[in-house]
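J.: Listed below are the residues making up each chain.
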Amino acid sequence: MLFLQALVSGILSGGVYALAGIGMSLVFGVMNISNFAHGDLMMLGMYLAYFAFTLLHIDPYLALLLIIPVSFLFGFILEKVFIHRVIDHPHQNQILLTIGLGLIMSNTALLAFTSDPKILTTTYSSSAINTASGLSISVPLLLSFVITSVITAVLYLFLAKSSTGMALRATSQNREAAQLMGINVAKMSAIAFGIGTALAATAGALIAPTYYIHPLAGHSFLLKSFTICVLGGLGSVVGAGVGGIIIGVVESMAATYISTDWKDVVVFVLFLTVLLFRPQGLFGKKGGQ
Amino acid sequence: MLKIENLQAGYGEMVVLRNINISLSEGEIVSVVGSNGAGKSTLLKAISGIIRSSGTITFNHHSLTALQAHRIVERGVVHVPEGRKIFSEMTVFENLMMGGFLCQKDRTENLERVYALFPILAERRKQLGGTMSGGEQQMLAIGRGLMASPKLFLLDEPSLGLSPLFTDVVFKAIRAINKSGVTVLLVEQNVYQSLKISHRGYVIETGSIVLSGTGEELLNNPEVKKAFLGM
Ligand SMILES: Nc1ncnc2c1ncn2[C@@H]1O[C@H](COP(=O)(O)OP(=O)(O)OP(=O)(O)O)[C@@H](O)[C@H]1O
Ligand SMILES: [Mg+2]
Numbered sequence: 001m002l003f004l005q006a007l008v009s010g011i012l013s014g015g016v017y018a019l020a021g022i023g024m025s026l027v028f029g030v031m032n033i034s035n036f037a038h039g040d041l042m043m044l045g046m047y048l049a050y051f052a053f054t055l056l057h058i059d060p061y062l063a064l065l066l067i068i069p070v071s072f073l074f075g076f077i078l079e080k081v082f083i084h085r086v087i088d089h090p091h092q093n094q095i096l097l098t099i100g101l102g103l104i105m106s107n108t109a110l111l112a113f114t115s116d117p118k119i120l121t122t123t124y125s126s127s128a129i130n131t132a133s134g135l136s137i138s139v140p141l142l143l144s145f146v147i148t149s150v151i152t153a154v155l156y157l158f159l160a161k162s163s164t165g166m167a168l169r170a171t172s173q174n175r176e177a178a179q180l181m182g183i184n185v186a187k188m189s190a191i192a193f194g195i196g197t198a199l200a201a202t203a204g205a206l207i208a209p210t211y212y213i214h215p216l217a218g219h220s221f222l223l224k225s226f227t228i229c230v231l232g233g234l235g236s237v238v239g240a241g242v243g244g245i246i247i248g249v250v251e252s253m254a255a256t257y258i259s260t261d262w263k264d265v266v267v268f269v270l271f272l273t274v275l276l277f278r279p280q281g282l283f284g285k286k287g288g289q
Numbered sequence: 290m291l292k293i294e295n296l297q298a299g300y301g302e303m304v305v306l307r308n309i310n311i312s313l314s315e316g317e318i319v320s321v322v323g324s325n326g327a328g329k330s331t332l333l334k335a336i337s338g339i340i341r342s343s344g345t346i347t348f349n350h351h352s353l354t355a356l357q358a359h360r361i362v363e364r365g366v367v368h369v370p371e372g373r374k375i376f377s378e379m380t381v382f383e384n385l386m387m388g389g390f391l392c393q394k395d396r397t398e399n400l401e402r403v404y405a406l407f408p409i410l411a412e413r414r415k416q417l418g419g420t421m422s423g424g425e426q427q428m429l430a431i432g433r434g435l436m437a438s439p440k441l442f443l444l445d446e447p448s449l450g451l452s453p454l455f456t457d458v459v460f461k462a463i464r465a466i467n468k469s470g471v472t473v474l475l476v477e478q479n480v481y482q483s484l485k486i487s488h489r490g491y492v493i494e495t496g497s498i499v500l501s502g503t504g505e506e507l508l509n510n511p512e513v514k515k516a517f518l519g520m
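Sequence order for the protein chains is A and B.
Taking this note's numbering, the leading residue of the first sequence gets 1, the next gets one more, and so forth.
Taking this note's numbering, the leading residue of the second sequence gets 290, the next gets one more, and so forth.
Hints may contain errors.
Unchecked claim - In silico lysine-lysine, DSS-like type, Cα no more than 27 Å apart, as pairs: (1) A:187 / B:468; (2) B:440 / A:187; (3) B:394 / A:161.
Everything labelled a hint here was simulated from the structure, so no lab data went into it.
Just so we're clear, the structure is a prediction, and the values are computed from it rather than from any experiment.
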């Protein structure tokens, strides 16, 4: 029973990790850039949900209809103004730039919102469904899992079927060949970064009702997103989805059977182990470029 | 149709091409031959806008020099790169669709044309590009290029690594494509075969054009014979 409970909670919270991981993976695939500001973008999503709730009285999950386009646009502009400058540059320049952007975001949040954690309490924040077999399923976790699944399915269809989605995949598989097909790869990069940002912000908004919201809240998710990408094979969207669920379950098991304090350690150990033994990821074929 | 004057191009600080002058008339097949590292691929990359260059490249009286690569494809200059560069995680069909990214209205017609030229692509349309053999990938790369409705087709070593049988198929296809009204600029190491099907040719050596003439003239040129044909 304990095991089943841990498994269910793990899968449910893994959905959100998957979303964040997919965002990072997409950016890596299309642009070959590791986005160290990913966690901070997630933090912005948390605050967006928080202010939509406290100022505009919009339910945080409903607010996604606002948060997704706004954060897409923000990411698109970030790419057009900053990130595109380092696309053909060495990785250390890209890392410095994205870390720098992340620092600006978290410190701006620190100045604007102070370091006091904010709590977003909805009517259902702590409600749970209790099944006859004794399982307790948290309502916000369940809701966020459903939303995550829908978004992932839509994204999957978009990448598989739409013309822009196919162009994004082509760019990620071979940037030069994509250019030769007449694909505007600069635009694809901006779109990929926009989607990556929107996914990070969405993940942030989805966890806002169950987490403390503060300017550094994104940092632990940065490590998680990296671990997910590495698990799934960098650049593989499906792999990242599965990787997210795995992280969720591992974390939940660690919290149940070891202690909550240890869950980050366990994730980190998993990260290093995969890097050591399967650097191309559990599912990845190409493992980076 | 294509006029290249005083072209210089390279990578970063390194200059690879110096003072290149080349022209193509509509309907021609023109070969550029030269040894490894001479700058043949660099020339095609400069034309298709993959790398920046200085000098002038005009296509049907419009300058291509300042255009981004995707704008150049829009004009009908289509480059099939060396090494095929297939989208390996996409099916054959999807690869062809990517080729037709800008020409969506002519897709069905182009697709029929490609399948007629390379029936194997129709048979294998559900196979992943990366799992095709080298020769099949080359056909796919050419087919993918045709999906973009080229007016000028830039082909970089289409016979590279192919068996004699596949090489013949590819050269036949190039002739057929040309007959259908597409101008072809062909870069090859297979000097004999490519000059044989070409109206004219250029010999490039360490980044400069050193010889030019009709295909037959070059084939009979003693220096070409000595350097490339082992005679
Ligand atoms: N991306 C690059 N960065 C730096 N130098 C390059 C790059 N690509 C090619 N070069 C250099 O430019 C020169 C010309 O290369 P290019 O690929 O044009 O030769 P090529 O004539 O096509 O040779 P091959 O027949 O072997 O394909 C070579 O010295 C090569 O090392
Ligand atoms: Mg070459």
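J.: Check whether the Cα positions of residue 187 of chain A and residue 468 of chain B lie no farther apart than 27 Å.
T.: Outside the cut-off at roughly 36 Å; violated.
J.: Against the 27 Å threshold, does the CA-CA distance of residue 440 of chain B and residue 187 of chain A hold or violate the hint?
T.: Distance of about 25 Å is within 27 Å: holds.
J.: Run the distance test for residue 394 of chain B versus residue 161 of chain A: straight-line Cα separation, threshold 27 Å.
T.: holds (17 Å)
Checked against the numbered hints above, the structure breaks only hint 1 and satisfies the rest.
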